[in-house]
Amino acid sequence: MVLELQKPRPIWQIMFSTHHTDVGLLYLITSLAFMFMGGALALLLRVELFSPGVQIIADSMTYNRIFTVHGTTLIFLFILPSASAFGNYLVPIMVRFKDMAYPKLNAVAFWMIPPAGALIWLGFADFTWYAYPTYSVVSAPGPAADMWIFGLKILGVSSILGSINFVVTIMKCKHPDLPLSKMPLLAWAYLTSSLITLVAVPTFAAALLMLLTDRLGASGFFNPAMGGDPIAYQHLFWFTFHPEVYILVIPAIGFMYEIFPRFSRKPIFSHGSGVAAFTLLTIVGFASWAHHMYATGMSFTEKTVFMVGTLAAVPASAMHTFNFLATMWGGRIKFATPIMWAVGGIALFFSAGAGGVVNSAMPLDFITHDSYWVVGHFHLFVMGTILFGTVGFVYYFFPYVTGRMYNEAMGKIHFILSFVGTVLVFFTQHILGLFGMPRRIYDYPAIPEWVQMNIIISIGAFIIGIGMAIFLGNLVWSAAKGKPADMDDPFGLGGKYYFPYQAKNPSH
Amino acid sequence: MAQVELNDPIYRTTPERTTKMMVIMLGICIAGGGIFFGMWDYWISMPPPAGLLTGDVGGDDHGGSDKGSGAVTLTGVEINSALSFIESSDFRVLAFNALPGEEGANPTINANVGDKIIFDVVNDGKSFHAFGVTKDTEGFSNLIPGSEVASMNEPLKPGESGVSEFIPTEPGTYYYICTVPGHRMQGMVGEIVVTGAGAPAAAAPPTGVSHDFTFDFVESDDFRTLGFDKLPGEDGANPEIRVNSGDEITVTTVNAGKSFHAFGVVSNPDDFTSVVFDSEIAAATNPLKPGESGSVTFLAGAPGTYYYICTVPGHALQGMQGTFIVE
Amino acid sequence: MSGHSTWPEWVYVGVVIALLCYVGAEAWNIERIVEHVPEDAEIIKVTGQQWIWTFEHEDGTKEIGELHVERGKAYKFEITSKDVIHSFNIHDYVVLLDAVPGRVNTVWFSPTEAGEFDIQCREYCGLIHYNMRGTLIVEEKGA
Amino acid sequence: MKVIIGLGAILGLLFVLPAAEQVFAAGSEVGEYLDRKAAIWGLFYRLMIVAFTVGTVVSGLIVWLVLRFRESNPKAKPTSYEAAGSW
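Chains as they are written, first to last, in my numbering: chain A, 1 to 508; chain B, 1 to 327; chain C, 1 to 143; chain D, 1 to 87.
Among the hints, erroneous ones may be present.
Here are the simulated DSBU-like pairs of lysine-lysine, each with C-alpha atoms no more than 30 angstroms apart in a straight line [said to hold, decoys possible]:
hint: 1; chain 1: B; residue 1: K230; chain 2: B; residue 2: K289
hint: 2; chain 1: A; residue 1: K412; chain 2: D; residue 2: K2
hint: 3; chain 1: A; residue 1: K412; chain 2: D; residue 2: K77
hint: 4; chain 1: C; residue 1: K73; chain 2: B; residue 2: K135
hint: 5; chain 1: B; residue 1: K135; chain 2: C; residue 2: K62
hint: 6; chain 1: C; residue 1: K73; chain 2: B; residue 2: K157
hint: 7; chain 1: A; residue 1: K98; chain 2: A; residue 2: K172
hint: 8; chain 1: A; residue 1: K182; chain 2: A; residue 2: K98
hint: 9; chain 1: A; residue 1: K334; chain 2: D; residue 2: K77
hint: 10; chain 1: A; residue 1: K412; chain 2: B; residue 2: K157
hint: 11; chain 1: D; residue 1: K75; chain 2: A; residue 2: K334
hint: 12; chain 1: A; residue 1: K98; chain 2: A; residue 2: K174
hint: 13; chain 1: A; residue 1: K481; chain 2: B; residue 2: K20
hint: 14; chain 1: A; residue 1: K182; chain 2: D; residue 2: K77
hint: 15; chain 1: B; residue 1: K126; chain 2: C; residue 2: K82
hint: 16; chain 1: A; residue 1: K182; chain 2: A; residue 2: K104
hint: 17; chain 1: C; residue 1: K62; chain 2: C; residue 2: K45
hint: 18; chain 1: A; residue 1: K412; chain 2: A; residue 2: K481
hint: 19; chain 1: A; residue 1: K483; chain 2: B; residue 2: K135
hint: 20; chain 1: C; residue 1: K73; chain 2: B; residue 2: K126
hint: 21; chain 1: A; residue 1: K104; chain 2: B; residue 2: K20
hint: 22; chain 1: C; residue 1: K82; chain 2: B; residue 2: K135
With the C-beta cut set under 8 angstroms, the calculated list includes, among others, these residues of chain B facing chain C [claimed, not checked]:
hint: 23; residue: G38
hint: 24; residue: Y42
hint: 25; residue: D90
hint: 26; residue: R92
hint: 27; residue: S127
hint: 28; residue: M185
hint: 29; residue: Q186
hint: 30; residue: G190
Please keep in mind that the hints were generated in silico from the structure rather than gathered at the bench. The beta-carbon is built from N, C-alpha and C at its ideal position, and this holds for glycine as well.
Input sequences plus hints: build the corresponding full structure.
Have a look at this one:
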């Protein structure tokens, strides 16, 4: 769907197209829409938690439903589809092939997202995005929970199909004289995150099916009254979801591998180290899932095994950070909006990682487990690294798609508001967690420290909210009325940029 | 990196096209929002079947084993009692009408045997609650049939209310409680003191008079309708029996049908386990086979209207049910 | 593509791995010390059910929502749940363990100061999870 | 070099002392039990020292890098790849 003037294609031709650019942009529009919807829910939660007592959400059931859908929407309906969006648009170009390996499969994988989103949003389930039994099996009410399960099932299948498409495109349809070692690191990011998806997500598909039959009373996998064990579900869930968080972060790192060299006006410090880090993370990512379950009464040796598995994954991220800083070294950096987001993303990526190392130290998990420290920690990843990388890449990608330039000043204001807001919200949440505030609570007793910190966090959240409103305005206004961009060098960096250049309005 | 020269025309969108797209997206959101808010409560209306199955094991009240719940002559007195479930702000203490310590908390109800107590309960708290009357001094099971409002698996949501009634048949103290597990412990229990004044509930001493009755279990060809001696609809089916309290009754039954049957005098026809006066012949678990017969002798107990049925589940509903009146 | 000398990267990765080994060793050691349960610890059975905590001491006394213990004595909690997963947490004494139905988890602690401390539920358990809170009352020895 | 040795000594002391004290605490007599809270929070503060030192080094490096190699910095000079026109 390249937005044109002279020969505007009818909407249905765009919606039902199987060309990788059209499907890519459909993914992008859907994921950005869900980003704003998920963000709105976050603001609702923060208004409620501004201070003890009831602010605007009437009862705890509504609050529980809001944070469940907030988590599910932003992970499955924003981050994953936005990764697929840029992947579909750019991977065929990066491997110099005319389209994805299976164009129809690509369209099918996209068209599973809106119905799944509808299922999740209409049902509005209330058992957290973990859907831990026995609450989800015995006590979670109504069709909402079953709709959530079906929605997640469809999304799981969609991301598996997408990954198959990426792996075959990259491995099989690559240009013969483009060796894998010369392929851009963003394509490597998509290859590795797709491989992790193929291994990790089917486990969750199985867990979902077992959860559904348990809810119907037909089976008792996770229902202790029928001889099952709820901890089994947690193992299946986290075996998928710890690698899944690597699936979410790897494309964002891939976007930064595009932005840093481009704006530093020098090539990436070490292509080999990037490839090594991605592959190392793919393998080691599967060894650390049960650090989410230290509190379920695991034995000492079992906890040690998963602590070591978690710590083994840290060097890979450290290598990426080093790669980016080394690329900036000696460059002549033009600080347009995309590079600002990328540098902000890397700074927060480091603090998120440091928090994670503390979490994985076994005895400390008894302080931080399921407290606001954990909320702060993973939001530094999903907001600090992934959203910053994705939004930075949206700004970088904007001129190539719309042919117009976004408003640079608004972009910078959006960055500053978001960065300040993110630091205010999620660093304070770390300290709030140390003071013991549990996660997922609708209301809290008026402990002075808790009240002060929650006020700071809510103010920070509103700052991010303003920033995101500016982002929406900037996108919509600039798409229609923005200054036409110089398609050879939209950011005025000098020199030709090899692959997005080709992306400009390819005909079918 | 080979630079590929591409000089296709550059297409840029227009404000009209962007507004059209925004209108489409807004339309989808409004339609979705309509369904979303319209069905807001429906989505969370049904508890999961797994919850109901496992939940039954705990507070199930099938075993209405308290013998004395036989029918009793109503005194016609009706006692209305309005109870509201309330919770302390920290949810630690729960009670009816007022928190313990305050006046009017868990009011005690005094009644006579045969009075009809009508409970009008409303959930004024934030948590879920359900209502029931039991004779047990603790726990939330063995509820007297008919006295429950909602149940632990489908409790009253905040603001919901319900009505139930309870007719005490024997003197003693009964307890009205919240049947959600744990709530009784937290304070949601009140007493119903039932005094023995009114109809003599005790069985009369043996009068030495004895009666003999014989019944045949008969079935229609399609096994749909069953009956004693004759099929319901024909005269002489399920004959009514009238005896005095304390008479000695001997019942002999012959299984003239093709399926299995058993016999018992019960206080509540829908509840095949509420057998009174030890009047069973065979049982649902090892019934009389076709052609077999069995007999039982027992004393007619407290006066009231009872029913004789086939205790194999479902047969009473298919017609094997007659009245058994003790004066 | 860039033929830089790569020793700074190897030094950097070496430092990172060294720090990680330190964290791992230190955590392993502290966890080993903390998990050693003293023999003479008094057993308290903790049961979580939807939205209240109930306690049973060795001598059979039952308590709902409140737990009275003595300063300086060691206590071993045997934690289980009646319906859904809860998580028994006394933040001030770093006691945190899930109450899983159909399973008993044990953790020990010995209170060092008298006073009142918060007990809270750290695993989402439904409508009133936010207020599934109790109080731990630590009294002086023999009080 | 002296600075680095001094810094290393101080950091070493900061870690060795509490770890040693832990070993003695565990072996104490039955009546007086290990203070779990102190042990766990002690480990937490030691890790915070590590996290914040490395954190300041990395963020300081980022800030310096951004200021030193920004385009508008008077000392900024074009990279060798710009002449070739592609990187």
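These are the hints, each one checked on the structure:
1. K230/B with K289/B: Between K230/B and K289/B the Cα gap is close to 19 angstroms, so the pair holds against 30 angstroms.
2. K412/A with K2/D: Given that 30 angstroms is the threshold and the Cα spacing comes to 43 angstroms, the pair is violated.
3. K412/A with K77/D: Given pair K412/A, K77/D holds - Cα atoms ~25 angstroms apart, limit 30 angstroms.
4. K73/C with K135/B: Since the Cα atoms of K73/C and K135/B sit roughly 42 angstroms apart, the hinted pair is violated (cutoff 30 angstroms).
5. K135/B with K62/C: 23 angstroms, holds
6. K73/C with K157/B: 43 angstroms, violated
7. K98/A with K172/A: Between K98/A and K172/A the Cα gap is close to 13 angstroms, so the pair holds against 30 angstroms.
8. K182/A with K98/A: Holds, because 19 angstroms separates the two Cα atoms, which is no more than 30 angstroms.
9. K334/A with K77/D: 12 angstroms, holds
10. K412/A with K157/B: 49 angstroms, violated
11. K75/D with K334/A: 14 angstroms, holds
12. K98/A with K174/A: Given that 30 angstroms is the threshold and the Cα spacing comes to 10 angstroms, the pair holds.
13. K481/A with K20/B: 14 angstroms, holds
14. K182/A with K77/D: 28 angstroms, holds
15. K126/B with K82/C: It holds: about 21 angstroms lies between the C-alpha atoms, which stays within 30 angstroms.
16. K182/A with K104/A: 28 angstroms, holds
17. K62/C with K45/C: Roughly 9 angstroms separates the two Cα atoms, so the pair holds.
18. K412/A with K481/A: 19 angstroms, holds
19. K483/A with K135/B: 82 angstroms, violated
20. K73/C with K126/B: The given pair, whose Cα atoms are some 38 angstroms apart, is violated under the 30 angstroms limit.
21. K104/A with K20/B: 27 angstroms, holds
22. K82/C with K135/B: 24 angstroms, holds
23. G38: 23 angstroms, violated
24. Y42: Violated: closest Cβ of chain C sits about 18 angstroms from Y42/B, beyond 8 angstroms.
25. D90: Holds, because the Cβ-Cβ distance from D90/B to chain C comes to roughly 7 angstroms (cut-off 8 angstroms).
26. R92: 4 angstroms, holds
27. S127: Because about 6 angstroms separates S127/B from the closest Cβ in chain C, which is inside the 8 angstroms limit, the hint holds.
28. M185: Given a least distance of 6 angstroms, the restraint on M185/B holds.
29. Q186: 6 angstroms, holds
30. G190: With a closest approach of 18 angstroms, the G190/B hint is violated.
Hint violations for this structure: numbers 2, 4, 6, 10, 19, 20, 23, 24, 30, all remaining hints satisfied.
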